[in-house]
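These are the residues of each chain, in order.
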Amino acid sequence: MKEVYIMNDKRWNHFFKKYRPHDAVAERPSAFTHKTNIIHPFWVMVSKEISDQVRSWRFIIMAALIALTCLGSLYAALAQFGKQSGSAEDAFFFLNLFTLSDGTLPPFTVFISFLGPLLGISLGFDAINSEQNRGTLSRLLSQPIYRDYVINSKFVADLIVISTLFVALGLLVLGSGLIALGIPPTADELSRLIFFILISIIYVAFWLNLSILFSVVFRQAATSALSGIAIWLFFSIFYSMIVDLLARAIAPKGMLTEGQAVQFQNFVLGLMRFNPGQLFSDATITLLMPSVRSLGALTMEQLEGALPTPLPIGQSLLMVWPQVTGLIAGSILLFGLGYYLFMRREIRPR
Amino acid sequence: MASGQVILYTPYTTISVSPGDAIEYAVDVINKSDQVFNGDIRVIGIPRTWTYTLKGGGYTVSRIAVLPDDKKTLSLRVEVPFQVNKGAYTFRLSAGDSASLPLTVKVTEMGSSETEFTADQSNMQGNANATFTYRATLKNRTIDKQLYALMANAPRGWTVTFKADYNPVTSVELEPNTTKEITIEVKPPKEIKAGTYKIPVRAVTGSTSASMELEAVVTGNYEMSLTTPTGLLSTKITAGGKQKIGLTVRNTGSADLTDIEMKATAPSKWQVTFEPEKIDKLAPGNETTVYATIQADKKAIPGDYVVEMRASTPETTSQLSFRVMVKTPLIWGWVGVLVILAAIGGVVYLFRKFGRR
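Those protein sequences? They're chains A and B, same order as listed.
Each step along the first sequence adds one to the number in this note's numbering, with nothing skipped, and position 249 is 259.
Each step along the second sequence adds one to the number in this note's numbering, with nothing skipped, and position 38 is 382.
FYI, nobody ran anything at the bench for these hints, they're computed from the structure.
In silico contact screen, one side only, chain B against chain A (beta carbon under 10 Å); selected entries: (1) 612; (2) 668; (3) 669; (4) 676; (5) 680; (6) 697; (7) 698.
Straight line, CA to CA, 30 Å or less: simulated DSSO-like cross-link-like pairs of lysine-lysine: (8) 671(B) to 586(B); (9) 697(B) to 58(A); (10) 613(B) to 263(A); (11) 622(B) to 586(B); (12) 643(B) to 263(A); (13) 607(B) to 580(B); (14) 642(B) to 586(B); (15) 622(B) to 588(B); (16) 507(B) to 483(B).
Ideal Cβ placement from N, Cα and C applies to all residues, glycine included.
Using the sequences and the accompanying hints, generate a full structural model.
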């Protein structure tokens, strides 16, 4: 027990030095003139969490993995550019960087939808339980701060880390694309890229919130990590198989009218959309391929008289708005649940 | 001298000709006596302006000798001048003292020394887009070579082209007593009203001129155009919503258009209504406004669609492709915002209830 305290003292030393409200007031000679110099305790906690995260090996490994796959798919996309007959006059030429693939490596978006959850889980799975196991939580809470600062600051710090990583990756692809292609993206393309990055952040935030919830629920960090990974595996590998099986079982027999077939297809798609990965890929495909006009099955009747033209960004966004809403609301819900459980928890010093 | 023994013979003694024609007589001089006939041969009583040549055996002859019981053939060529009065002219061909052959030439029409400019068919019909092609003949009936300037006095906007030997020309040169085929191509202006138009054409030299009047009967043509007042051929509609568009129907032809029907081809479950649906009458050059109301299908997916609109009469039709961009209604977007707000509200409630104790 003693050792633990020593170790924890080290860990929190910086924090305690930086923020001691009662000491701070005493140390301050001119409290009224230098008010702005005092950093709000919440942001102190956030900056500490950020520095903890970016120095941790798991984040470095995950970031390196994502950056490498990003570079790999970027290379594949650029190689594919030469083979494609499309010319620079094509609208949305630049967006192909994110969606083109030569078949050996999946495009960038697929990598994000696959590795993004892993990043989120790895950032959040030990958020609360490790503090508790180390016994630092009760010590931290003995400080004059609100209790929810702990969970909030962890969430905000992880969100900032994720956002920084994705914005950096997006700019990396943008910059390499500029060097390789020599054609600047149009305003429409740029705004689509920004929304793509935003949605990626929201998607990873969803998994982050899930793992923070698990870190509240499970006392053991390993259990929390494994449950997160189990859910990730379930959704990324098994869920579509299960939906396929289910669809085959309940598929209407005999001849179908076009309307019935479309209705059934849309029902199956509706089931698929319980998978956050499906929501994310729906959203990114629509944003990065402006020619996509519908995400469900369509009757011939609906296609009659339609021109194969790209949608304006507003319409693309409106089309994926339900998906984005689902992701945002889902992550807020998970966060709320984790928050509730954390706030109701009895925390005793060891 | 057995004067009765020499006979002059030709089969056609009375001939009808036009002024300017030439007559070839074959005259046999028959000697029925037992002596050689040798005597002068002359044309007597021919009008002074007329010219004639008398030939035998390739020579111009004035005296002829015929063996007994033999005959010689002479050819007499008489050229009737252009300037001659209508009527019958009789002259005699005499051989020696006794034989004489009266010949009568009937000039069937009044001769002139003028130029003739005529067309076989001076009246033609066609629509405003047609080219009227007249075949005319120019005759120089003067005794001099003439250089004719060809002119047309067409109404404004008409184009008249003279062609000789397939080449556009403005003047032609004609030897005396020759003719030339001249093609006159007449193009009416595009937006001409139906009716009969007269185009005087003339062939003029310093000394002589001829004119005629060509007639072009222009039938009305039927043309119409369907556009929008601004020329903008696209619009935006929210799925399930309506959009009213002003269309301009213009009669660009030259005849009245009646019973113009407005129709549209739109994607299924779309509705296009016109106000009015039918235009009773539209005079040439006039235009009228028709309002089309396009209603998109409630379930239309966002993006661009084509709506074809047509104004048609039995004679002509005009089509317009309208590009309609369908937008999805914003209501579901707001519902999504509400869902997110509710979730945030829940978290805020949690903050309030648990966070700040």
